[in-house]
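Q: Taken in order, these protein sequences are the chains called G and F. Per the numbering used here, the very first residue in the first sequence carries number 1; after that it's consecutive. Per the numbering used here, the very first residue in the second sequence carries number 1; after that it's consecutive.
Where chains are identical, the list cannot tell them apart; a pair therefore holds if satisfied intra-copy or between any two copies.
Straight-line Cα separation of at most 30 angstroms, DSS-like style, residue types lysine-lysine; simulated pairs:
{"#": "1", "residue 1": "138", "residue 2": "2"}
{"#": "2", "residue 1": "170", "residue 2": "139"}
{"#": "3", "residue 1": "2", "residue 2": "139"}
{"#": "4", "residue 1": "249", "residue 2": "139"}
{"#": "5", "residue 1": "13", "residue 2": "47"}
{"#": "6", "residue 1": "111", "residue 2": "47"}
Hint data in this document are derived by calculation from the structure and do not stem from the laboratory.
The primary structure of each chain is shown beneath.
2 protein chains.
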Amino acid sequence: MKEKLVIIKVGGKVVEEEATLNQLLNDFAAIQGNKILVHGGGRSATKIASLLGIESQMVNGRRITDAETLKVVTMVYGGLVNKNIVAGLQARGVNALGLTGADMNAIRSVKRPVKDVDYGFVGDVEQVNVSILGDLIKKGVVPVMAPLTHDGNGNMLNTNADTIAGETAKALADIFDVTLVYCFEKRGVLKDENDDNSVIPQITRAEFDAYVAQGVIQGGMIPKLENSFSAINAGVSQVVITLSSAINKNEGTKIIK
Amino acid sequence: MKEKLVIIKVGGKVVEEEATLNQLLNDFAAIQGNKILVHGGGRSATKIASLLGIESQMVNGRRITDAETLKVVTMVYGGLVNKNIVAGLQARGVNALGLTGADMNAIRSVKRPVKDVDYGFVGDVEQVNVSILGDLIKKGVVPVMAPLTHDGNGNMLNTNADTIAGETAKALADIFDVTLVYCFEKRGVLKDENDDNSVIPQITRAEFDAYVAQGVIQGGMIPKLENSFSAINAGVSQVVITLSSAINKNEGTKIIK
Chain G
1 MKEKLVIIKV GGKVVEEEAT LNQLLNDFAA IQGNKILVHG GGRSATKIAS LLGIESQMVN
61 GRRITDAETL KVVTMVYGGL VNKNIVAGLQ ARGVNALGLT GADMNAIRSV KRPVKDVDYG
121 FVGDVEQVNV SILGDLIKKG VVPVMAPLTH DGNGNMLNTN ADTIAGETAK ALADIFDVTL
181 VYCFEKRGVL KDENDDNSVI PQITRAEFDA YVAQGVIQGG MIPKLENSFS AINAGVSQVV
241 ITLSSAINKN EGTKIIK
Chain F
1 MKEKLVIIKV GGKVVEEEAT LNQLLNDFAA IQGNKILVHG GGRSATKIAS LLGIESQMVN
61 GRRITDAETL KVVTMVYGGL VNKNIVAGLQ ARGVNALGLT GADMNAIRSV KRPVKDVDYG
121 FVGDVEQVNV SILGDLIKKG VVPVMAPLTH DGNGNMLNTN ADTIAGETAK ALADIFDVTL
181 VYCFEKRGVL KDENDDNSVI PQITRAEFDA YVAQGVIQGG MIPKLENSFS AINAGVSQVV
241 ITLSSAINKN EGTKIIK
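Construct all of the structure, not just a fragment, from the sequences and the given hints.
A: Written as structure tokens, this is what we have:
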């Protein structure tokens with residue numbers, strides 16, 4: 001029987017403000033057993049880039065990463081945000097280790113090919129190093145993963161944090177019983193986006209398709225759920241979409257195979 | 001018999017310029033066996049701080065680290081410089097892992113007490129985690145250590161890279177036969193600072209004291225040699241002061257017990 005592993009993905013907003021970060025670190029520290037934290041940091045990156053006179057250009061919600069922007073995200077995600085979380089978890093007795101994909105070759109990616117849009121130094125994940133991550137986790141180490149990978153040729157690449165979490169969950173499902181928790185600013189997938197109490201408690205692929213056809217689920221929620229079903233289909237035991245303040249509560253929307 | 005371990009400390013200038021960085025990474029990759037790279041990054045920190053409108057204040061060659069400066073050095077040392085080196089080493093087949101003192105509690109420090117000068121968020125090393133570093137190294141992982149530690153209470157602390165290298169060397173001398181190499185911009189300790197060919201090939205404590213009394217060795221060289229003798233006295237097998245371009249050559253000044 002596989003050991004359990006919980007992978008929590010939190011967005012930039014939660015980890016960039018002291019009050020919400022402290023709450024998250026307390027909640028995350030309280031999770032028993034094997035765990036991984038994957039974080040964003042986009043708001044800080046935009047702010048620091050702006051102070052450095054670098055304009056942040058977004059297409060379809062994704063950051064265009066030119067050479068100067070790559071430096072900024074490497075600093076902000078891999079340094080400022082990641083180390084702040086690691087130090088905070090260590091203070092709470094969690095043996096955190098900050099990782100980018102370059103560290104111990106944890107995640108190798110390939111620079112996204114230019115099609116309609118040139119995203120620049122953005123990585124599409126090719127391989128998650130199951131052996132190295134598995135060894136660390138089984139020793140009680142808690143990886144704190146920044147949304148950065150490398151191409152194996154010496155270049156860091158900016159990589160979406162949802163993707164890091166999803167690909168890591170899929171790869172580690174070979175050796176762990178994985179629960180993947182996507183945190184965001186809503187209580188779950190809502191039937192009515194204006195009613196926070198309209199959380200859909202669980203959803204199958206067929207139900208998802210029906211909700212999309214009806215227009216109940218739309219916009220940015222669609223790729224998030226597509227990612228979730230992809231994870232479930234690749235062997236992840238459970239995917240949950242919930243509030244970051246609810247990672248220890250049995251709330252949110254469960255994605256069911 | 002203890003396994004050998006080589007610890008190389010390089011300053012910011014070497015790792016911040018592409019040509020010298022590539023040369024260093026090639027030379028470091030060529031070192032056989034167990035190894036650690038400790039790096040600085042002060043020039044980049046000063047440059048980024050300046051772009052962000054934060055003035056860099058130095059006292060006795062040390063950076064006064066206020067809260068904003070701490071953010072800058074955490075970004076620059078832990079993110080930009082560290083990950084660039086890690087990705088570069090991975091491309092050369094070295095299984096590099098970037099670490100600050102917070103990661104896996106590798107190095108815990110205490111905020112320097114305020115005496116004549118308030119250095120701010122600067123850490124004096126209290127404990128190097130020999131067990132965790134030893135385990136990694138024996139598995140073939142190559143730590144790449146940024147000049148940052150943590151206080152165990154959630155705070156990162158800025159910590160001199162020479163100190164990181166020296167304290168790590170001393171602590172790991174318990175389980176390894178350690179050679180510590182301090183790289184700097186001269187070929188070694190010089191008898192005549194204007195003559196690069198006047199390298200003192202080896203130096204004992206008694207000779208050092210005599211050179212200081214004669215005024216041959218002075219200025220910033222004195223604390224560097226004091227650190228070196230401290231390492232030798234604490235069980236480090238060999239300390240070498242040399243050029244970063246000479247880490248694979250039998251050059252520079254050897255510090256002898």
